[in-house]
Structures are given as structure tokens and as C-alpha cells.
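Given chain X, put chain A in place with the hints provided.
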Amino acid sequence: MRAFSQLFDQLERATQASERIAAFEDYFRSVPAADASWAMWILMGGRLKRLVAPVQLRQWVAETADLPPWLVEECHAVVGDLGETLALLLPPKATPSPPALATLMQQRVLPLAGASEAVQRDWCARPGRSSMPDSAMFGTG
Amino acid sequence: MGGVSTAFASGWMLFRAARRQRGGGRGFVLSDHVDWPGLIATIRETGASRVLVTHGVAGPLVRWLNENGWQAEALSAHPVIAAQTAVDAG
Numbered sequence: 001m002r003a004f005s006q007l008f009d010q011l012e013r014a015t016q017a018s019e020r021i022a023a024f025e026d027y028f029r030s031v032p033a034a035d036a037s038w039a040m041w042i043l044m045g046g047r048l049k050r051l052v053a054p055v056q057l058r059q060w061v062a063e064t065a066d067l068p069p070w071l072v073e074e075c076h077a078v079v080g081d082l083g084e085t086l087a088l089l090l091p092p093k094a095t096p097s098p099p100a101l102a103t104l105m106q107q108r109v110l111p112l113a114g115a116s117e118a119v120q121r122d123w124c125a126r127p128g129r130s131s132m133p134d135s136a137m138f139g140t141g
Numbered sequence: 001m002g003g004v005s006t007a008f009a010s011g012w013m014l015f016r017a018a019r020r021q022r023g024g025g026r027g028f029v030l031s032d033h034v035d036w037p038g039l040i041a042t043i044r045e046t047g048a049s050r051v052l053v054t055h056g057v058a059g060p061l062v063r064w065l066n067e068n069g070w071q072a073e074a075l076s077a078h079p080v081i082a083a084q085t086a087v088d089a090g
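Chains as they are written, first to last, in the numbering used here: chain X, 1 to 141; chain A, 1 to 90.
So that you can see chain X by itself, here it is in the shape it has in the complex:
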């Protein structure tokens, strides 16, 4: 997960195509195939549908961050991306070692679809900005 976050960061900072290509090369050379294929899928715009309802995500984050729902919407309007907005609003808490991307997707994110509301809420809205996947993961656009 950390390698993917780093790649995402590098792609964003790059001002030239050659820098982006170099970032991709470094990433794909260094991670296991399963992580690489998830990364590819996400960066090509892949979205997991109907995992957790965005309306609930908004509500849980508002409650965790102790903000009224309308203020979360104000933030969303400025930031533009719902997943990013919610990740920024959660109180930060460092997680020593986030799992690899494929492990995260297969063992934590995908099972959310069939999980109880309590489990979903605990995973999505517990404090921990630094370990939160970026908005691409939630697919909230």
C-alpha cells in the first residue's frame, strides 16, 4: 500500500511524461504481480461498485469528525472528490505498516460488500488518515 501511495504521489508531482514513466518503471519492477495488477486496474479508473453507500460514508465520517453533515458537504464542494474529502476529515492516526495493495483490496476492501454495518463503519470511519487509501480506492469519484 505504501509503494502504491508513493507511486500515486510521484505521478501527481511529475511535470513531464518521462518522470511518470520512470515512476511506473520503479513501481512495477519492485512490487509483486498481484499488487501491480491492482494498481494498474485502479489507475485505469477501475471502481468497486456498491461496497458501502456514499450516504453512509458521509454520515459516519461526520460523526467521527464531530462535524454537522452540511459542513462535510461544504468541504466536499471545495475538495471536489468525496473519498479524498472524507479521508482528510478523519482525525489522523499513524498506522505502522499498512498491508500490501493486493492484500488490502482482497482481504479488507472487497469483504466490506457483505459485511455488517458495524464492521463497515469501523473500517471506513475509524481515525487513521495516514493509512486510509486514497479516494481511488473508494471509487466515489
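The hints are simulated quantities; they were obtained by calculation from the structure and are not laboratory data.
All clues stand as given, with none of them false.
Cβ pair distances, simulated, as ranges:
1) A:E67 <-> X:A118: 22 to 32 Å
2) A:V57 <-> X:A113: 31 to 41 Å
3) X:Q106 <-> A:A9: 31 to 41 Å
Some chain A residues near chain X, calculated using beta-carbon distances under 10 Å:
4) S5
5) L14
6) F15
7) A17
8) A18
9) R19
10) G25
11) R26
12) G27
13) W36
14) V57
15) P60
16) R63
17) W64
18) E67
Distance condition first, Cα-Cα at most 25 Å in a straight line; then the derived SDA-like pairs of lysine to any residue:
19) X:K49 <-> X:L88
20) X:K49 <-> X:Q107
21) X:K49 <-> A:A17
22) X:K49 <-> A:R16
23) X:K49 <-> X:L112
24) X:K49 <-> X:G83
Even glycine gets a Cβ: it sits at the ideal position worked out from N, Cα and C.
For chain A alone, kept in the frame of chain X given last:
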């Protein structure tokens, strides 16, 4: 000029859309403006019951204060304040 890259420092660099607007390059989150929790904490510490908001995007703060026991309004419509705000924001 080889070996040169640009960066931008602002509180706005906290989110991606603002960084993208800068057209690439690194964004540093650095601001001389207070963040939301700090702003609220400072207002609490003043003990003020009436708060006049003069700077930046006043609407959400005014609304939040009014919903949480303060008497608040925006002063941005005042011509002197508006002129000062325009200078500060420049």
C-alpha cells in the same frame, strides 16, 4: 534551465484539486492561516459570545458558530473590511 523544478506552498496544497490546478510540481502544505479546530479553539478561549467574521470564506464558520451557541455574522460587506480583506488576500 536544467535541473529546475517548481513547488508551491499554501494550505490549499492539502488537497489534490488545488495541487493539480498548479499544473504539477510539488505542493507544500504551509499556511499562515489557522485550521478549523484551531480557529474554533481560539474563539472558545476568547470567551466571546458575539463573533464577527472578517476574513476568507465566512459563511460556513458563521453558520457553525450560530448553530453552536455563538452570535455570529460576517462583516465582509462592510466597505472598509472588504477593502482590507482584498489587500490581505493579495
